[in-house]
Amino acid sequence: MNKTFVNRSVAESNSYVKAELRKEKIGAAVRYFILLLCGLVMLYPLFWMFSAAFKPNHEIFSSLSLWPSEFSLDGFINGWNTGTEYTFGRFFLNTLWYVLPKVILTVISSVIVAYGFARFDIPFKKFWFVTLVATILLPTSVLLIPQYLMFREMGMLDSYMPLYLPMAFATQGFFVFMLIQFLRGLPTDMEEAAQIDGCNSYQLLWYIVVPMLKPAIISVALFQFMWSVNDFLGPLIYISSVEKYPIALALKLSIDVTEGTQWNEILAMASIAIVPSIVVFLIAQNYFVEGITSGGVKG
Amino acid sequence: MSKVVLENLTKIYSNGFEAVHGINLEIEDGEFLVIIGPSGCAKSTTLRMLAGLESISGGSITIGNMVVNSLPPKDRGIAMVFQNYALYPHMSVRENLGFGLKLAKVSKADIEKQVNEAAELLELTPLLDRLPRQLSGGQAQRVAVGRAIVKRPQVFLFDEPLSNLDAKLRASMRVRISDLHKTLKKTNRSATSVYVTHDQTEAMTMGDRICVMKDGHIMQVDTPANLYKYPNNLFVAGFIGAPEMNMVETRLDRTGEGKCHLAMSGQILGLPDAKLQKVLANYTEDVVFGIRPEFIKLADENSPKDEVIKGTIGRMENMGAEFYIHFTVEDREMCTRIPAHIVEEKLLDSVGKEQLFHFEMQNGHIFDKQTEKNISL
Ligand SMILES: Nc1ncnc2c1ncn2[C@@H]1O[C@H](COP(=O)(O)OP(=O)(O)OP(=O)(O)O)[C@@H](O)[C@H]1O
Ligand SMILES: [Mg+2]
Chain L
1 MNKTFVNRSV
11 AESNSYVKAE
21 LRKEKIGAAV
31 RYFILLLCGL
41 VMLYPLFWMF
51 SAAFKPNHEI
61 FSSLSLWPSE
71 FSLDGFINGW
81 NTGTEYTFGR
91 FFLNTLWYVL
101 PKVILTVISS
111 VIVAYGFARF
121 DIPFKKFWFV
131 TLVATILLPT
141 SVLLIPQYLM
151 FREMGMLDSY
161 MPLYLPMAFA
171 TQGFFVFMLI
181 QFLRGLPTDM
191 EEAAQIDGCN
201 SYQLLWYIVV
211 PMLKPAIISV
221 ALFQFMWSVN
231 DFLGPLIYIS
241 SVEKYPIALA
251 LKLSIDVTEG
261 TQWNEILAMA
271 SIAIVPSIVV
281 FLIAQNYFVE
291 GITSGGVKG
Chain A
1 MSKVVLENLT
11 KIYSNGFEAV
21 HGINLEIEDG
31 EFLVIIGPSG
41 CAKSTTLRML
51 AGLESISGGS
61 ITIGNMVVNS
71 LPPKDRGIAM
81 VFQNYALYPH
91 MSVRENLGFG
101 LKLAKVSKAD
111 IEKQVNEAAE
121 LLELTPLLDR
131 LPRQLSGGQA
141 QRVAVGRAIV
151 KRPQVFLFDE
161 PLSNLDAKLR
171 ASMRVRISDL
181 HKTLKKTNRS
191 ATSVYVTHDQ
201 TEAMTMGDRI
211 CVMKDGHIMQ
221 VDTPANLYKY
231 PNNLFVAGFI
241 GAPEMNMVET
251 RLDRTGEGKC
261 HLAMSGQILG
271 LPDAKLQKVL
281 ANYTEDVVFG
291 IRPEFIKLAD
301 ENSPKDEVIK
311 GTIGRMENMG
321 AEFYIHFTVE
331 DREMCTRIPA
341 HIVEEKLLDS
351 VGKEQLFHFE
361 MQNGHIFDKQ
371 TEKNISL
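In the order they appear, the protein sequences are chains L and A.
Sequential numbering from 1 applies to the first sequence in full-length UniProt numbering.
Sequential numbering from 1 applies to the second sequence in full-length UniProt numbering.
Keep in mind that a hint or two might mislead.
To be verified - Lysine-lysine pairs mimicking DSSO-like chemistry, simulated, CA-CA at most 30 Å apart:
| hint | chain 1 | residue 1 | chain 2 | residue 2 |
| --- | --- | --- | --- | --- |
| 1 | A | Lys3 | A | Lys102 |
| 2 | A | Lys74 | L | Lys214 |
| 3 | A | Lys305 | A | Lys373 |
| 4 | A | Lys102 | L | Lys214 |
| 5 | A | Lys297 | A | Lys182 |
| 6 | A | Lys105 | L | Lys214 |
| 7 | L | Lys214 | A | Lys108 |
| 8 | A | Lys259 | A | Lys297 |
| 9 | L | Lys125 | A | Lys74 |
| 10 | A | Lys108 | A | Lys229 |
Unchecked claim - Simulated DEER-style distance windows between Cβ atoms:
| hint | chain 1 | residue 1 | chain 2 | residue 2 | range |
| --- | --- | --- | --- | --- | --- |
| 11 | A | Thr187 | L | Arg184 | 35 to 45 Å |
| 12 | L | Asp158 | A | Asn15 | 51 to 61 Å |
| 13 | A | Leu377 | L | Arg184 | 42 to 52 Å |
| 14 | A | Asn15 | L | Phe169 | 46 to 56 Å |
| 15 | L | Asp121 | A | Asp75 | 18 to 28 Å |
| 16 | A | Ala167 | L | Arg184 | 51 to 61 Å |
| 17 | A | Ser60 | L | Ala168 | 39 to 49 Å |
| 18 | L | Ile122 | A | Thr223 | 44 to 54 Å |
| 19 | A | Thr187 | L | Thr188 | 27 to 37 Å |
| 20 | A | Asp75 | L | Ile108 | 24 to 34 Å |
| 21 | L | Ile122 | A | Asn282 | 47 to 57 Å |
| 22 | L | Ala168 | A | Asn188 | 51 to 61 Å |
| 23 | A | Leu103 | L | Ala28 | 52 to 62 Å |
Hints were generated in silico from the structure; no laboratory data involved.
Where a beta carbon is used, it is the ideal one built from N, C-alpha and C, also for glycine.
Required output: the full structure, derived from the provided sequences and hints.
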């Protein structure tokens, strides 16, 4: 009697498990369907841009379809040559010429300032910190005019200096703030050990803090890179000669010069323009997520 | 040569909390001193002041012949092993070991030599090219110790280095560190060590002397044996030893013939002559009587009359070689440890029964209840 009881309960629980599993599968299917749908909606503009770059101009706004009915590379060829005496490659390089210094200066200055905030006793530290956070909240447009006047007095208009020079002074509070928070989360033991091993403050920063900050530093560099490449307002204000135009302005250039705008050219160049950002992101994404401190400290 | 002296050392944290209250301590050259105490008694604070990681608020620290009060850590001739190892996560074991020397601008060849030597000593040679995250806890801790040795410091500082390891590993690392200390001493290298722990076994087995701390005060500094046999005060008596010393509050009565006895719920315990002199010199009525479990035996016909007390056996814990026998004298709970063969002979099935116990009074302690001082030493 006991035995049959046991058998029955095993069978029951088996069917129960099956039902549960089925429910779970259906649930997962529904979830994935919704996620896919949302993903498609978000990515559609991007796909549209890529496909439109291969369409002839007249087809672009006449159909929603992603597949070009007439496949043409004209957009890329004409777009690359641009309407000016320079090719689009020139504008690419121009972009690099101010983005790279901007990224490097941002990283160096932000790390130093964050290190100071996170590890040293500074008189009125709280006040300075609040000030720092306040600058994050300040809308950038507030500064545009005074900054423009300042750089005009310094004779730096129509050069890249106004675009990257401010970064040498850790002016982007957001990055400093981000690094400070990351540093606060790091245990200080390793730094103390290094102090005993004979590091002074600078060696401590270089040999210990920077390697541990690596994931955060890469995030900062990545954000700064993407934001700067996409920056339109800055170059628009300070750069006036076409030979110095970065991508962001160059794209607009083709809208202005020709009468009937060659949208396929613009979209082709826009497609190319986002390539660096994507490549940089893919390279950096491993570090972006990975923490490096694991293993040095127990627990 | 590398003697360490703390004089009136005081620490007041920036929030006004006084963590260390003017302690005085001398650590001899080559000595292995263990600082022990309950959590929050400022062991780490003291050690960190010694290391220079924490500023000092008063008093002075001397290492060797030099007052180091305001010297940065690197100029104090110390090396420290942290509880959580604090290895540099981005450097290989080899680089971790040699980092201090590299900063000191020692030549590459010399670094290589000293690193290999230390690695040999700690059996780290096969691990030299690994990163810290590829090490087990025990290995990581050995690297941390190795990093200290490579620097050839005057003084080694350890802050609970073994508390993250499991019991077995802890036991083997304990022996290893002790041996290392002896090896260094034998080869005439500076080996003065200050070792912070809250583990009694570590303290008792490793320390040349033990310093017991409580709430930022030093309670007693002595050899492990003396600390166990002659605790200065109630705190040390209760803190050192497992199972704990039996302590009962009681009254010390003077009798006519210049003698004393302790009242134990209607029964009495007489004091032996050796103790009597000292107790009478500091006589007070309210006392705490303390006696370690191993000094309570089963009474037999030879036991002196005034050292025998009747108790009721409560719990018996079998520890293998011996039993912990808990008994009550009226409402006072006590514990004794008795070898297993005696228990099997005489005490089987005696839970709840009455039994006569012999308290070896020459090994007992009388503490003043007010001052908590041992008045029978
Ligand atoms: N930065 C600080 N500011 C204020 N008080 C502190 C600070 N660091 C420690 N304390 C206090 O000082 C006392 C001693 O701390 P300490 O870390 O030295 O204790 P400990 O003996 O090492 O304890 P544990 O065994 O838990 O490590 C504690 O009461 C602690 O709360
Ligand atoms: Mg501690």
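Which numbered hints fail:
Hints 5, 10, 14 and 16 are the ones this structure does not satisfy, whereas the remaining hints hold.
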